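In the working numbering, the protein residues as written are 178 to 384.
Take these hints with a grain of salt, some might be off.
The list that follows gives simulated cross-link-like pairs (lysine-lysine, DSSO-like), each with its CA atoms no further than 27 Å apart [claimed, not checked]:
{"#": "1", "residue 1": "221", "residue 2": "348"}
{"#": "2", "residue 1": "197", "residue 2": "267"}
{"#": "3", "residue 1": "180", "residue 2": "197"}
{"#": "4", "residue 1": "180", "residue 2": "221"}
{"#": "5", "residue 1": "284", "residue 2": "241"}
{"#": "6", "residue 1": "267", "residue 2": "180"}
{"#": "7", "residue 1": "348", "residue 2": "197"}
{"#": "8", "residue 1": "348", "residue 2": "180"}
{"#": "9", "residue 1": "224", "residue 2": "348"}
{"#": "10", "residue 1": "267", "residue 2": "224"}
{"#": "11", "residue 1": "284", "residue 2": "220"}
{"#": "12", "residue 1": "348", "residue 2": "220"}
{"#": "13", "residue 1": "197", "residue 2": "284"}
{"#": "14", "residue 1": "267", "residue 2": "241"}
Label pairs and their computed distance ranges (CB to CB) [claimed, not checked]:
{"#": "15", "residue 1": "204", "residue 2": "268", "range": "30 to 36 Å"}
{"#": "16", "residue 1": "186", "residue 2": "372", "range": "31 to 37 Å"}
{"#": "17", "residue 1": "249", "residue 2": "270", "range": "15 to 21 Å"}
{"#": "18", "residue 1": "216", "residue 2": "265", "range": "38 to 44 Å"}
{"#": "19", "residue 1": "206", "residue 2": "379", "range": "16 to 22 Å"}
{"#": "20", "residue 1": "204", "residue 2": "297", "range": "37 to 43 Å"}
{"#": "21", "residue 1": "368", "residue 2": "248", "range": "23 to 29 Å"}
{"#": "22", "residue 1": "348", "residue 2": "250", "range": "43 to 49 Å"}
{"#": "23", "residue 1": "197", "residue 2": "267", "range": "40 to 46 Å"}
Hints are computed from structural coordinates only; laboratory data are not their basis.
The model shown is predicted, which means the values in this text are computed figures rather than measured ones.
Heads up, the beta-carbon is just placed ideally off N, CA and C, and yes, glycines get one too.
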Amino acid sequence: MEKVNPQDTTRAYAFEMWMKAPMPMVTFFKTLDVSRLVKLSRKKHLKFNMLMCWCIGKAASQIKEFYMLPVGENLNRYDAIAVNTIVANKTGEVSSCDIPFTDDILKFNDDYLRLTRQVAETCENHDITDSMVIGTSALAQYEIDGAVGMYSGIFNNPFMIWGRYRKSWLKTSLTVSFQFHHTQMDGAHAARFLDLLQTEISNLLIA
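Please model the entire structure based on the sequences and the hints provided.
Written as structure tokens, this is what we have:
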């Protein structure tokens, strides 16, 4: 991770416009076709949430804006991406777990299982500070139409929320919300990310 001069990046105008805005976050909603993830989850005995997190990381890794993040009053550039998931720990509360993204989905799965198990047992968050982290929260037991994340003024990371997927005769759908800081990316970048996410979901192959 390195601090960069915003004027030397493509985010110079956005940095001037949005860094000191009282509410710089933007939220998009999209309904995804997750039929393939549900099928692969059952066929390969893989967690649906893990598959979603990997597809999120894979889509984000193709957009350069995801590698920069406003932190404090600075703009930081990262070399890697991680995906965060919320874990139910052994006390019945929740803890936070960052999973390093890798193109190798089986390696990502191994890391996901190992780290979420570790967090659940120790009740200690697993934070990765040298990667740009995409937050996620899966409320898989509830049917929700959408959610807008809280802006704390401290964490500017992009964040995704979803609930239970919905089955119909032809497909299985999942509505997601995606919140991002306008300094990090514009609406077109966010929309492209969501399109890429659908593409990664639809084309996912696991040997």
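Hint-by-hint comparison with the structure:
1. 221 <-> 348: holds, 19 Å
2. 197 <-> 267: Violated, at roughly 40 Å.
3. 180 <-> 197: Judged against 27 Å, a Cα distance of about 18 Å means the pair holds.
4. 180 <-> 221: violated, 41 Å
5. 284 <-> 241: Distance ~23 Å between residue 284 and residue 241 Cα, so the pair holds.
6. 267 <-> 180: Violated: residue 267 and residue 180 sit about 38 Å apart, past 27 Å.
7. 348 <-> 197: violated, 43 Å
8. 348 <-> 180: Distance of about 44 Å is beyond 27 Å: violated.
9. 224 <-> 348: Holds. Residue 224 to residue 348 sits at ~19 Å (cutoff 27 Å).
10. 267 <-> 224: This hinted pair holds, its Cα atoms lying about 19 Å apart.
11. 284 <-> 220: holds, 18 Å
12. 348 <-> 220: holds, 17 Å
13. 197 <-> 284: violated, 39 Å
14. 267 <-> 241: Roughly 38 Å between the alpha carbons, so the hint for residue 267 and residue 241 is violated.
15. 204 <-> 268: 30 to 36 Å: holds, 31 Å
16. 186 <-> 372: 31 to 37 Å: violated, 23 Å
17. 249 <-> 270: 15 to 21 Å: violated, 29 Å
18. 216 <-> 265: 38 to 44 Å: Since residue 216 and residue 265 have Cβ atoms about 25 Å apart, the given range 38 to 44 Å is violated.
19. 206 <-> 379: 16 to 22 Å: holds, 19 Å
20. 204 <-> 297: 37 to 43 Å: violated, 29 Å
21. 368 <-> 248: 23 to 29 Å: holds, 24 Å
22. 348 <-> 250: 43 to 49 Å: Holds, since residue 348 and residue 250 (Cβ atoms, about 45 Å apart) stay within the stated range.
23. 197 <-> 267: 40 to 46 Å: For residue 267 against residue 197, whose Cβ atoms are near 42 Å apart, the range 40 to 46 Å holds.
When held up to the earlier numbered hints, the structure conflicts with 2, 4, 6, 7, 8, 13, 14, 16, 17, 18 and 20 and fits the remainder.
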